[in-house]
Amino acid sequence: MTNSIDRLLRDALGGPAAGHPPTPCPDADIVAALADDTLARDERSRVEAHVIQCVRCQAWLSALEKTRPPAPAHPWWRRRGVGWLVPVAAAAAAVAIWTNVARHSLAPSAVPSQAAHNDARPLDTAQRREQQQAASDQQRSPSATVAPAPMPPRSAAATRTPELPGSKSQSDQPAQPRALADSATAPALSPRSVATAAQNSGAATLPSRPVAMAAPQPAAGPTSAQRVGAAALEGRSQNAAPAPTPSLAESLTSKAGSAERVLPRQRALAADSLIAAADASRRWRIGTSGVAQHSSDGGVTWQSMSTGVSVSMTAIASPSSEVCWLIGPGGTVVLSTDEGRTWQRLAFPEPVDLVAVRAGDGEHADIVTVDGRTFRTSDRGRTWSR
Amino acid sequence: MLYRAADALEPNGGARDLADSLYAELYGIKGKDGARASLLRSFQGRSSLATWLRAVLTQRYVDRLRVQRRLEPLPVEERADAREPADPERERYLSLVQDALRCALAALDGTDRLRLAYYYLHQLTLAQIGRLLNEHEGTASRQLTRARQTVRGAVERELRERHGLTHAQIAECLASVTADPGPLDLTPMLGVSPGNPASPERSV
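Respectively, the protein sequence lines represent chains A and B.
Basically our numbering = 1-based index in the first sequence + 110.
Basically our numbering = 1-based index in the second sequence + 134.
Simulated from the structure, these hints should not be mistaken for laboratory data.
Treat the hints with care, since some could be wrong.
Some chain A residues close to chain B (C-beta under 7 angstroms, calculated; not the full set) [to be verified]:
| # | residue |
| --- | --- |
| 1 | A145 |
| 2 | A150 |
| 3 | D152 |
| 4 | Q168 |
| 5 | A173 |
| 6 | E175 |
| 7 | P180 |
| 8 | A183 |
| 9 | R189 |
| 10 | V192 |
| 11 | Q454 |
| 12 | D481 |
Don't be surprised by glycine CBs; every beta carbon is placed ideally from N, CA and C.
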């Protein structure tokens, strides 16, 4: 009687037909497949229906389950409860990559990077001071060389923007002399500031006339190369700046090499925002596909004129209101000395991409190639020297 | 692997002889015609070989246990005069609970009954029950709790409606039956506190 409850439970849980199920017991293959969960759904249902009524099969499955070897320990990231970290981490990585790649490949000119901003901040103050000085000079003398008039919104933003990737590459050279770094940064800030800086230095190669130079600005690679080219021009024209050291030359070459991998679209974007101004009212800027645009009213209205070439220009220089130099890829040099009415394509010694130009007048110009070399002409492009 | 499975069945090594004989059959036993036939020829590949070997081993182990139990003599009933004087109501209560419990388990869903059998009769853990029934361990626990509550409610309803017991009598009846739970504990199944301070062996 003591074990009657146990016997009762055993009998009751085993069912009335314990030991005599209506269907035959499955063989070892089926039971093993049931334990491995490799049975089809309907077959599994049939086997489970049998097991419900068969104490022997219940005991068999129970013993089989008790002999199951312990599962190997999973690494922590495969445990229950942390599996959600995998897609979340993947999504975060994708967003981070997308954000960084998008920022570096399609950097808008109106959004300067912090590094570029830091580089340009001291120059902004000097630039503002120079502009104020130029404005006061112009008030005193109508033949002032630097235009104090406000720039059109787009060009103002472009020239105000201390542009992006090039500044980052410059920030990678902390050992450079400060003056050289400034000379490399200045052209990217504003053509006016470049002109003023050249005048203030008083040592330009062609100082007799006001110098206006447009440095390429936004986007990634070409901007860097163009700025390097402009920096090279500035370093030549300013006696105060130290001569480039061999390490600097190497860095120029490496930067120019990286510029060769630039997308043509970015190059077009960079060239599209360039403006050269000889005085306050007459300005030049680069259009698309070899088109130059001229404004006689301080940038309020622009007139497009074809230069005869179909490539997208990369830099522009206008030392006077009548003269405009345009350069582009493949050794393209175009010159107009009659305020854009006629354009002359000049022969360049090599079919190399050109990234920066400085011109003194319609005869003299210095042009920097994408690999950092500088070519000079003093006879309107008939002969070039390095 | 066979020895590990045998030791899991009987830690004292009592099932190793089954593993040895199985190993011999896997190697192949010569028949009357002298040809050696291996047990592996019956492996159909519906599971892993290791699981199949464990299945064969446990099948033989269970069959041997059933044969042994069938041959065991029934325990000798203690003499009535040697026992302590029993509660006169206990026999009646026990009979009532037997009937009610049998009806409650019979009315239970087959899977619930299988779950209870795995837990109370075969002493499997919740994780093992979950693996056998292809469900999560938490699901097995919840379903087991629900089945236990269903059984308890059915037993109480049976005692109340069919046998006319009051709430107090039902409580006294269940306490009397579960006071001596034996190797299989009825306390968690019935959801009542045992009369003695002994803790139940299994709890859900």
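Query raised in the report: Going through the earlier hints one by one, which of them does the structure break, listed in rising order?
Result: 2, 3, 7, 8, 9, 10, 11, 12
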